[in-house]
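K.L.:
Each chain is listed here by its residues.
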Amino acid sequence: MVKKLNKVDAVIVGSGWAGGIVAAELTKAGHKVVILERGKDKKHEDFNGTKDELRYSQRYDLMQNLHKETITSRGDLSETALPVRNNVNARLGENTGGAGVHWNGWTFRWLPYDFEIYSKTVERYGKGKIPKDSTMQDWGVTYDEMEPYFDKFEKTAGISGEENPLGPPRSDKYPNPPLKTTPAINLFQKASTELGYHPYRMPGATVSQTYQNPDGETINGCVYCAFCEEYGCNFGAKADPIGTVLATAKKTGNMELRNGANVTRVSHNGKRATGVIYVDTSTGQEYEQPADIVVLAGFVFSNTKLLLLSKIGTPYNPQTGKGIIGKNFTGHFSNLSTYIGARGFFEDKKYNLYMGTGSLGSTLDDFAGDNEDHTNLNYLHGFEIHFSQLGARPISNNQVPVGTPTWGKEFKKNSLHYTNRNLFITSQTAFLPNKFSYLDLDPTYKDALGNPLLRVTVKYLEDDINRSKAGVARCEEIMNKMGADIVDVDKVADDLQFDHKFYTDHFIGGVIMGASPANSAVNTYSQMWDMENLFVVGGSSFPHTGNYNPTGTIGAFAYRAAEGMNKYLSEGGLLTQQVQVKNA
Amino acid sequence: MTDKHTDDDKQTKDDKTYDPSRRRFLKNTGMVAGGVVGGSFLGGLLTNKFTQKNETATKSGMEHATDFQEALQFFTRREDFAVLQAATEQIFPKDENGPGAIELGVPYYIDKQLAGQWGVNARDYRQGPFVPKTKPSERAEEKRGEQSILDRGSIFLLGLRVMNQESGKRFNTSFDKATEAQQGEILQDLQDGKIKMNGLLSSEFFFLLHRSTLEGAYCDPLYGGNKNMDGWRMKEFPGAQASYMGVIDSEDFVKMDPVSLENYQGH
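If you read the protein sequences in the order shown, they are chains Y and C. Quick note on numbering: the first sequence equals residues 1 to 584 in the working numbering. Quick note on numbering: the second sequence equals residues 1001 to 1267 in the working numbering.
Since the hints were derived computationally from the structure, they do not count as laboratory data.
Taking beta-carbon pairs under 10 Å as the criterion, some of the chain C residues facing chain Y (in silico):
id: 1; residue: Pro-1093
id: 2; residue: Gly-1098
id: 3; residue: Gln-1113
id: 4; residue: Ala-1122
id: 5; residue: Gly-1128
id: 6; residue: Gly-1145
id: 7; residue: Glu-1146
id: 8; residue: Gln-1147
id: 9; residue: Thr-1213
id: 10; residue: Tyr-1218
id: 11; residue: Met-1234
id: 12; residue: Phe-1237
id: 13; residue: Tyr-1244
id: 14; residue: Met-1245
id: 15; residue: Leu-1261
id: 16; residue: Gly-1266
Keep in mind it's a predicted model, so treat the numbers as computed, not measured. We put the CB at the ideal spot given by N, CA and C, even for glycine.
For reference, chain Y alone in the conformation it holds in the complex (with noise of 0.2 Å):
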């Protein structure tokens, strides 16, 4: 029997940056909101004393329990999907805070470009470059309408930074400064200097001095203690949706957040959500929380799964290329788009590269977006390419020069001896969307609940190996440039294919937006287009995956939807005018 409960005025799925974003600015405009989270309850006291790499870099403590529930993943549509069973392949958030809390910070604001990526593309090349088999799209909305909520997030987040040389125009300037530098990243800004390049200090949320922000949350000033990938931070240090948003919900006395609550279904009558249904895990029982508005805010497989399961939306299907939940699945993939690039060997210099913090390095952007004149590139949309210093710790870092071997005499001398004499630089490429490239649920495997799990199709298109090759050869210029004596690039085969690894955490699309239901699953305010007191907030609404990090970037939809949500509590209705688009 479901038990049915109080009906409240949201009810958010999810407790990460999204979810933590709008229950802060409902609950600020009054309104009662219950958060369920499906994860453990968590607050910052569980990070003390927090820096044992077994713990959270190899058993993966703070990241989805995959004995629960995970995805399948394929390359191919032709293919059986298998099960990804090892947090080693997938390395996704859970608990409260969700992925927000051991995320290194980067915080980037996504391009003019990206949000009107088609349109810019067609401009400035002709059709012609759209490659075939291509789904890229217009959001729906432009960089000049986004700027401000970008800016209210990195507020909230205290993000410490410089003015990007070669960035879009920004309403104020970052609202700490960036964060300490070291030899090895002035090694690095004057070598991509010197190359003619304009690389700037990484914006991030490890924040350079302790800072209150605008709704008097205080974050700490960094100490640069190497531990934040993957680990809450033991100070306070790094912006998070507990120690932020989920503070600010919090205070006003009306947010309720449920931990162990795993929703399974949203519960509508076809035009209307009525609510969710949820599973309290302690128990098994089915519970019923009805809402005024429904809120899914959980990542992107999560998002996407709720609608299949619920059957809200028409699923996306390959073939015809007809339906769109689920459609326009893309990410930065382990063996493409990021974790790819030059390491250089130094003989004698040593850095210290045992200390560092999420989102100490530079960055440059001379490749990003459509910096670049493409024509005669093989490729659309760029790379941003970085180094960073994030605390290299010892399980995990034992790089060595190519042809050395991976264990026994040879292995342990050079890896001992290169420890801190080796500097990678990376370049982080843009995905763009392709019709074999989607989600929809597995035939075959089932969730702990009984439930199909979330079934992943990944295929590269030449495009994307072209962009990928072009960034590696950047990332070789600059480290030669840097003066390694030697330098070990990797690389990208012609015919490289998806390796099935969810490490990056950066997956996007499955419930994409735009500016009509022709093209889209929800508009610009993250509401769904067939059913208007459904909001579904996150990467899952981004129609393709941009050059940088995208936590800045969900920041700011979620702020946008938040800002949506309010005005639909109080007057209902469409939030934006369906439009006519070209390339439906």
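Dock chain C against the given chain Y, drawing on the hints supplied.
P.N.:
Same frame as chain Y, but now just chain C:
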């Protein structure tokens, strides 16, 4: 490859005995938080100053307390454990830089891990159908992560026994008694997926063996590996330091004595 270790990089060999009071003293003086440039200064000063105290601590029974943990939780046959010891030492051998896997406690570390949630794949998706891999491939996209129905404990038992059988077949002796070169040959064939195992590729077993060996060498000593933090000393990794605020922008390499979680969490 030339090895250009400077004097500053050399290990302080007589600086192995763990003594929390020494670390706390350092913290209180502010030397760690503020950072000290130049390893020989820090290492030399403190080693000399506290050698006497370390010896006293040893005599008073600290070493015996450590030894209580060196018994088997998972393995039941000494011969399996002997193969594990020999294999991990081949992967991470004792050399002029410092101790190898056995001295660092790696085999006992792995035994403890296999007895716990990692050994039974407690965090992994474990529903079928299972489609184990049947042929080794260098192509990343064909690797697809772990797909075996066997849990890691079973994989280790299977793998270590296959290594022993292989050694018997090829060299007429058990793996742990084979020569270094013979052990190396079997390990290489395991890594290359050339040795037949039921239910998974030998390269998959080798991946777990290799990874857990490095874990045991460099994990916090609370897990039974990285004994006396000597793995970290070789690696010049200072462990659970509270802050690098004062030294993050230093031009020179900064060498610090490591701090364990027992110490870091215990105040």
